[in-house]
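Participant: Just so you know, the sequences run in chain order B and U. Using this note's numbering, you'd call the opening residue of the first sequence number 1 and step up by one each time. Using this note's numbering, you'd call the opening residue of the second sequence number 1 and step up by one each time.
Since the hints were made in silico from the structure, they are not lab data. Note that beta-carbon positions come from the ideal geometry of N, C-alpha and C, so glycine has one too. Heads up, a few of these hints could be off.
[Stated by the list, open to error] List time: in silico EDC-like cross-link candidates among lysine to aspartate or glutamate, alpha-carbon distance up to 20 Å:
1. Lys663/U / Glu94/B
2. Lys96/B / Asp659/U
3. Lys500/U / Glu122/U
4. Lys320/U / Asp390/U
5. Lys481/U / Glu376/U
6. Lys500/U / Glu125/U
[Claimed, not checked] Sample of chain U residues lacking proximity to chain B, with all beta carbon distances greater than 12 Å (derived):
7. Tyr72
8. Asn443
9. Ala475
10. Gln614
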Amino acid sequence: MVLHTYLLLAAAIFCLGLCVVLIKKNTVMVLMGIELMLNAVNLNFIGFSQFDQNLMQGQFFILFILVIAAAEAAVGLAIVLNLYNHFKTADISEAKTLQG
Amino acid sequence: MGIFLSKLATTNTMDFQIQLALVLLLLPLLSFAILFFLGKYLPRKGDITATLLIGIATLLSIYLFVDVYTGYDHYFQAEWFKLIKPEGYTTFTFSILLNKVSVMMLVVVTFIALMVHLYSLEYMEGKRNYQRYFPYLALFTFSMLGIVLSDNLLIMFVFWELVGFSSYLLIGFWFEKDSASQAAKKAFLFNRVGDFGFICGLLILWSKFDTLELSILKEQLTSVALTDPMLMLAGIGLFCGTLGKSAQFPLMAWLPDAMEGPTPVSALIHAATMVAAGVYLLFKIFFLLALPVLDFIAIIGALTALMGAIAAITQNDIKKVLAFSTISQLGYMVMAMGVGAYDAALFHLLTHAFFKACLFLSAGAVIHEMHHIQKEMFSQGHYFEFSTLDMRFMGGLRKKMPVTFMAYLIATLSLIGVPLFSGFLSKDAILIKTMDWASYQTNPFKYLIPAAGLITVFITAFYMGRQLIMVFFGASRLVQKYPAAGKAFDHASDPGIFMKLPLLILATLSLFPIFSFNPFDAAGSWFMLNVSAPGNHAELLFHYLVPFATILLGALGLFLAWKKYAQATSSLAEKKEGFWYALSANNFYQDYATKHYIEKPVLWMANKMHITDQKVIDGVLHSFVITQVIIAHIAAFVDKYVIDGSIHLLTYLSGKVADLFRKWQTGGIQSYVFYMIAAILAILILIIKN
Numbered sequence: 001m002v003l004h005t006y007l008l009l010a011a012a013i014f015c016l017g018l019c020v021v022l023i024k025k026n027t028v029m030v031l032m033g034i035e036l037m038l039n040a041v042n043l044n045f046i047g048f049s050q051f052d053q054n055l056m057q058g059q060f061f062i063l064f065i066l067v068i069a070a071a072e073a074a075v076g077l078a079i080v081l082n083l084y085n086h087f088k089t090a091d092i093s094e095a096k097t098l099q100g
Numbered sequence: 001m002g003i004f005l006s007k008l009a010t011t012n013t014m015d016f017q018i019q020l021a022l023v024l025l026l027l028p029l030l031s032f033a034i035l036f037f038l039g040k041y042l043p044r045k046g047d048i049t050a051t052l053l054i055g056i057a058t059l060l061s062i063y064l065f066v067d068v069y070t071g072y073d074h075y076f077q078a079e080w081f082k083l084i085k086p087e088g089y090t091t092f093t094f095s096i097l098l099n100k101v102s103v104m105m106l107v108v109v110t111f112i113a114l115m116v117h118l119y120s121l122e123y124m125e126g127k128r129n130y131q132r133y134f135p136y137l138a139l140f141t142f143s144m145l146g147i148v149l150s151d152n153l154l155i156m157f158v159f160w161e162l163v164g165f166s167s168y169l170l171i172g173f174w175f176e177k178d179s180a181s182q183a184a185k186k187a188f189l190f191n192r193v194g195d196f197g198f199i200c201g202l203l204i205l206w207s208k209f210d211t212l213e214l215s216i217l218k219e220q221l222t223s224v225a226l227t228d229p230m231l232m233l234a235g236i237g238l239f240c241g242t243l244g245k246s247a248q249f250p251l252m253a254w255l256p257d258a259m260e261g262p263t264p265v266s267a268l269i270h271a272a273t274m275v276a277a278g279v280y281l282l283f284k285i286f287f288l289l290a291l292p293v294l295d296f297i298a299i300i301g302a303l304t305a306l307m308g309a310i311a312a313i314t315q316n317d318i319k320k321v322l323a324f325s326t327i328s329q330l331g332y333m334v335m336a337m338g339v340g341a342y343d344a345a346l347f348h349l350l351t352h353a354f355f356k357a358c359l360f361l362s363a364g365a366v367i368h369e370m371h372h373i374q375k376e377m378f379s380q381g382h383y384f385e386f387s388t389l390d391m392r393f394m395g396g397l398r399k400k401m402p403v404t405f406m407a408y409l410i411a412t413l414s415l416i417g418v419p420l421f422s423g424f425l426s427k428d429a430i431l432i433k434t435m436d437w438a439s440y441q442t443n444p445f446k447y448l449i450p451a452a453g454l455i456t457v458f459i460t461a462f463y464m465g466r467q468l469i470m471v472f473f474g475a476s477r478l479v480q481k482y483p484a485a486g487k488a489f490d491h492a493s494d495p496g497i498f499m500k501l502p503l504l505i506l507a508t509l510s511l512f513p514i515f516s517f518n519p520f521d522a523a524g525s526w527f528m529l530n531v532s533a534p535g536n537h538a539e540l541l542f543h544y545l546v547p548f549a550t551i552l553l554g555a556l557g558l559f560l561a562w563k564k565y566a567q568a569t570s571s572l573a574e575k576k577e578g579f580w581y582a583l584s585a586n587n588f589y590q591d592y593a594t595k596h597y598i599e600k601p602v603l604w605m606a607n608k609m610h611i612t613d614q615k616v617i618d619g620v621l622h623s624f625v626i627t628q629v630i631i632a633h634i635a636a637f638v639d640k641y642v643i644d645g646s647i648h649l650l651t652y653l654s655g656k657v658a659d660l661f662r663k664w665q666t667g668g669i670q671s672y673v674f675y676m677i678a679a680i681l682a683i684l685i686l687i688i689k690n
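Isolated chain B, as found in the complex:
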């Protein structure tokens, strides 16, 4: 497969994730958008790793990112839980106490 395809797919998924992050009201959905964006980046790494046949640095990097994503999900869910406890809702648009 050519690199082109990977990059386009990754960009599409990244944009989708970004849209989810920016648009969705449910905080859990926002977290999921972030996961999507991370994975879109992963696709890029995979696409580029074909130019490094011996070392597979891109694919190994993905493993790190996955671990970080798992940790991030744990922290993110904890934040969501606290957000819910505080505002009695999971709607992120309600958390506006910093409004000027």
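Position chain U relative to chain B; hints supplied.
Facilitator: Just chain U now, kept in the frame of chain B:
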């Protein structure tokens, strides 16, 4: 400059006599305090207490009198307080001097006060404000004793003012009566004028010598010429105090009005003691008076003696006759001071105190009796209003009130200066010394002064004879005018024992043996022997001439009075025409002059000053204030619209700018993420473009 109050430090030891004198001084004050605060709880409102305390004071003063006359003078000086000056201290002291004159004054004051207290027990009984009467008397006695004892002019001045104040209280004792409160005010104001001079004299002495202690002044004056103009001015100033207190010529009009007070008060204050304080002051300051000042004093004294006597001739009020007579006799004393015969002046003060107090108290008895007659007439249903003081309604009281008549007769003869009575001795002493003084002067006009004295003897005999005849001789003019009063008049009698006793004692003290065993020799009296003024020895001629002249003039006066009034007892009104009559009856128009030439200009000036104050000074102030207000308004406008306006504009603008940016600050996390992405994209585009 700080002020220290230091404790009393004795500069010499206080001996027994001084301690007694202090007790004596404080006894009347104690009496005042007790009666003033506790009087209403005491039996008879405390009058007995007051009389007892004053009796003790009298005994003490008699003891001191005997002690000083058989022993030595006593002097005590102590520090009162200090003022710090840039260099050293100014020390204020007080001092007590017991010499032959001051103990004589002590006896006079306490003794007459005791007599008046006794007399008042009966006279004032049941009168309005009885409770206040005795404390006031005690306050007066205290102040008078202070004047007598103090040898420091400043302390003396303090007591001098206290005397003026208590006199004010007592003249206005029946203050519900308008005339009484007016008289009290008049007396106070006239005294104020004199005291102004007094205080000026004190200031001059202080600025010159830095002390008002008479004993120190006396030492310092040995090195200063008496004719120093400032010193003469001080002498005149101090004499002004005498003018006021002793009712001398320009300031004499208050004393006749002061007769509005109760009669015993007139006897104590306005005959025997307070008015004599002026003479006593002259004696105290005699050493600093220069010859021209003394001449001035002699002239004022002679003039007052003559004027008082002339004014007494036409008075119909029994007390006013005595008041003018007092003025005239005080004039004698001042005249004697002026010619340097302070011994004679003080001797006359002594004898005058007794016989004049006796006259006033007897007059009080007569007034008391007239009051009784009027009261009885009212109770019998005869309503005939007449003044109980008016001699035109008296007459014929000789047989009704024999004791009063005897006392009155003795005191009158003493006042006229008839031999065998005390007044003869003292008046002769004055006249002989005055004559003597005149004979040593180069200016022959100075014979006018003894001449005025001799004429006054004649007038005194005349007006006292007139009074005696009008009050006691003939038939009662009240009954003649209003026959229905006859029954009430028949019941008239001598007063009770408390009033009779002082009359008898004082009358006895007006007889010659009390003062001199030789009734014709004033110089041989114990007082003149003990207190003798240095000076020229009287020429022997005057020793015979002057008594002869006084006897003759006195007899002539009495004879004329008898001739004029003994026949005319039935006529109620006297002839009222004639310039001299009007002059005398109106006391030389002094009240008129005061009203028109002092009171009116002063009021006119005050009025003009008031208008000036209102129009000019207030106007300037008001325009100033208005200008201020206008400026303030302009300033307020500028502040409000210019300064505040620019600040408001700034805040408005910054607010608007802030609003612009505020909208971006939504608080939603998604919008922040959006901005971030947008910014990253913008940066990427910029990087790629370049």
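Participant: Please go over all the hints and tell whether each is borne out by the structure.
Facilitator: Right, here's what the structure says about each hint:
no.	hint	in the structure
1	Lys663/U / Glu94/B	holds, 17 Å
2	Lys96/B / Asp659/U	holds, 18 Å
3	Lys500/U / Glu122/U	holds, 10 Å
4	Lys320/U / Asp390/U	holds, 10 Å
5	Lys481/U / Glu376/U	holds, 17 Å
6	Lys500/U / Glu125/U	holds, 15 Å
7	Tyr72	holds, 108 Å
8	Asn443	holds, 114 Å
9	Ala475	holds, 123 Å
10	Gln614	holds, 67 Å
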